[in-house]
Structures are given as C-alpha cells and as structure tokens.
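Undergrad: Sequence:
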Amino acid sequence: MMTMVRKIGALVLGLVMLAGLAAPALAAVKVTVNGTPITDVQIAQRVKLLALEGGGGTKGATEQLINEVIQIDEAKRIGVNISDSQVDGAFLTVARNLKMSEENLKKVLSQQGVNMQTLRDRLKASLAWQAVVGQVVNQNVQVSETELDAKAASKVTAANSYDYILKEVLFIGGGGRSGQANAYRAAFKGCDSAVQLSTKYTDVAVTDVGRRHATQLPEALAKELAGLNVGGITKPRVVSNGVSMLAVCSKAEARDLTFIKDSIRQESGNDQLKSAADKYLKDLRAKARISYN
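For what it's worth, the numbering used here labels the leading residue of the sequence shown as 1, then goes sequentially.
No lab work stands behind these hints, which were simulated from the structure alone.
Treat the hints with care, as some may be off.
To be verified - Once the Cα atoms are required to be at most 30 angstroms apart in a straight line, the calculated DSSO-like pairs of lysine-lysine come out as:
id, residue 1, residue 2
1, LYS106, LYS59
2, LYS59, LYS76
3, LYS59, LYS282
4, LYS251, LYS223
5, LYS200, LYS251
6, LYS48, LYS274
7, LYS189, LYS223
8, LYS59, LYS107
9, LYS30, LYS106
10, LYS223, LYS235
11, LYS167, LYS251
12, LYS167, LYS223
13, LYS76, LYS48
14, LYS59, LYS287
15, LYS282, LYS76
16, LYS167, LYS200
17, LYS59, LYS279
18, LYS274, LYS99
19, LYS282, LYS48
Let's have the full structure, built from the sequences with the hints guiding it.
TA: In structure tokens form, the structure reads like this:
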C-alpha cells in the first residue's frame, strides 16, 4: 500500500500545483490572498496530500496554497478558465499512469484521508498555471544559437560522428532466439545477401532502416556501430518483439550537430522556461495582497 501511495505522490507532484476549497461553516480562515480565503481545513487537507509526496508540513502546505491562488488569479486575468472536464481529464491521466481505475484511485486517496476535491483543486491550479506559462512566459524564452553550437560541438565524439545506412535483422519471438541470431551473425557476409541468408531461418524479418546519423541512436549502439566496417553487423540484442541486429550497409564520417542541438535546445529551453516561470510567480507574489490571521 505504501508503495502505491508514494507512486501517487510522485505522479501528482509531476502534474500539479489550487484555487480554494469551499470553506465549511466551521472552518477558520488562516490566510487571505487577493481576497480569497485559505482555511485551516484546506491547509490540513493539503498537508495530507503532501504527505504522499514525502511531506512538507503545515508551512509547506500553506505556501503552496498561497502560490496556487495567485496562479489561478493570473490565469483568470489573461482569460484562462479551466473547465471541470479538463480537471476530469487530468485526474484520469493520474489514474491511468498508475494503471488503476478512477474509482480505485479515489479509494486509495480516501484511505489516506485526502478529500477528492483537494486533489481536483490542485490539478486545476496546475492546468491554469501551465496555460499562463505557455501564453505569457514561453514567448520570452529564447535559446542562443551560438551557445547551442558551442555546447553541441563539445559533445561530438568519435562514436557519434558517422552517418549510416542500416538494415535491421529481427528474429521474431523471445530472447530465446539469441542462439539463432548469433548463428546468422557468424554467417553474415554483407547487406546484399542479408535477405537470402534469412531464408535459412524461420520467423526472421530483414527491413531497411535507411539513413541514420549516430546522434539519432542510443549511445551504446552508436559506439558499437562506430567499431564496425561496412558489411558488419551488431551483436544480438533483445527488444520488445524479438532479437534484433543492425547491419552496416554504408558508413561515412559526418559531423552533424542537428540532432545534438535539438536535444540541447529542448533541455536548455525547459531549464530557462522553469527559471522564467519561477521568477514570474515570484513577481506576482510580491504584488499580491497576502494577510495572515
């Protein structure tokens, strides 16, 4: 049970951030943010939700709720309104990622004392903030092409400096077919006879992979291919649908930074976007009217 609870916490942490719960009649207001009350009941519920993620306590719960009210307010200011159906979809995503039904997820949360509305409110705030970041923050994030070129050049190695034309030889079935794959590999004489050789075995598929640059391939595979000449074939490796080998039909040196740059661009862009979003929220919070009771 605790393993499942921690998985829920990890998924929720990746997806989310609150507008407020409707305050019960006896709830005491602890903080007011831009006129929106945050009650002791909300804080207590958020403490329980944070406990699924490793904790945070009353202070962490309060700070998170304050931020989320500010995020919801900013979303409304720019015209973003999150519908109940969008929240339903986000909740379903959490359930599916946990490989359980929505009802089972609700049951697990209930067993931990977490009110369903607490999670739904948090999901709503997360969706709202994602929209704000996408519409306002993202357009101000720019990644320097010069910086990308320099970083990409520093990642060029002997193994990822080749351009290939490849064929895949796939022994369909489980890992138990590795013996036949090794036999095929020992008899392999080059791409021109790859299909003919495959007729000596059962359930073998030879397909044209086409042109691939080393930077498009997993690092370990790129290193292995770099050590092969034209007409060579990789060692058998177990994949989801059988045992696979790649044959080298053509190989040429090609210092191509395109794929390295794309990977760095995405990574750098994400880092800059997070920093910009954090600063945007900090600025909003500095302007917010926050009073503690």
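Undergrad: Run every hint past the structure and note whether it holds.
TA: Against the structure, the hints:
1. LYS106 to LYS59: 26 angstroms, holds
2. LYS59 to LYS76: 26 angstroms, holds
3. LYS59 to LYS282: 17 angstroms, holds
4. LYS251 to LYS223: The hint holds at about 13 angstroms.
5. LYS200 to LYS251: 27 angstroms, holds
6. LYS48 to LYS274: Since the Cα atoms of LYS48 and LYS274 sit roughly 26 angstroms apart, the hinted pair holds (cutoff 30 angstroms).
7. LYS189 to LYS223: 21 angstroms, holds
8. LYS59 to LYS107: 27 angstroms, holds
9. LYS30 to LYS106: 28 angstroms, holds
10. LYS223 to LYS235: 12 angstroms, holds
11. LYS167 to LYS251: With a Cα-Cα distance of about 12 angstroms, the restraint between LYS167 and LYS251 holds, given a limit of 30 angstroms.
12. LYS167 to LYS223: 17 angstroms, holds
13. LYS76 to LYS48: Measuring from Cα to Cα gives roughly 28 angstroms; hence the hint holds.
14. LYS59 to LYS287: Roughly 21 angstroms between the alpha carbons, so the hint for LYS59 and LYS287 holds.
15. LYS282 to LYS76: 18 angstroms, holds
16. LYS167 to LYS200: 18 angstroms, holds
17. LYS59 to LYS279: With a Cα-Cα distance of about 21 angstroms, the restraint between LYS59 and LYS279 holds, given a limit of 30 angstroms.
18. LYS274 to LYS99: 29 angstroms, holds
19. LYS282 to LYS48: 25 angstroms, holds
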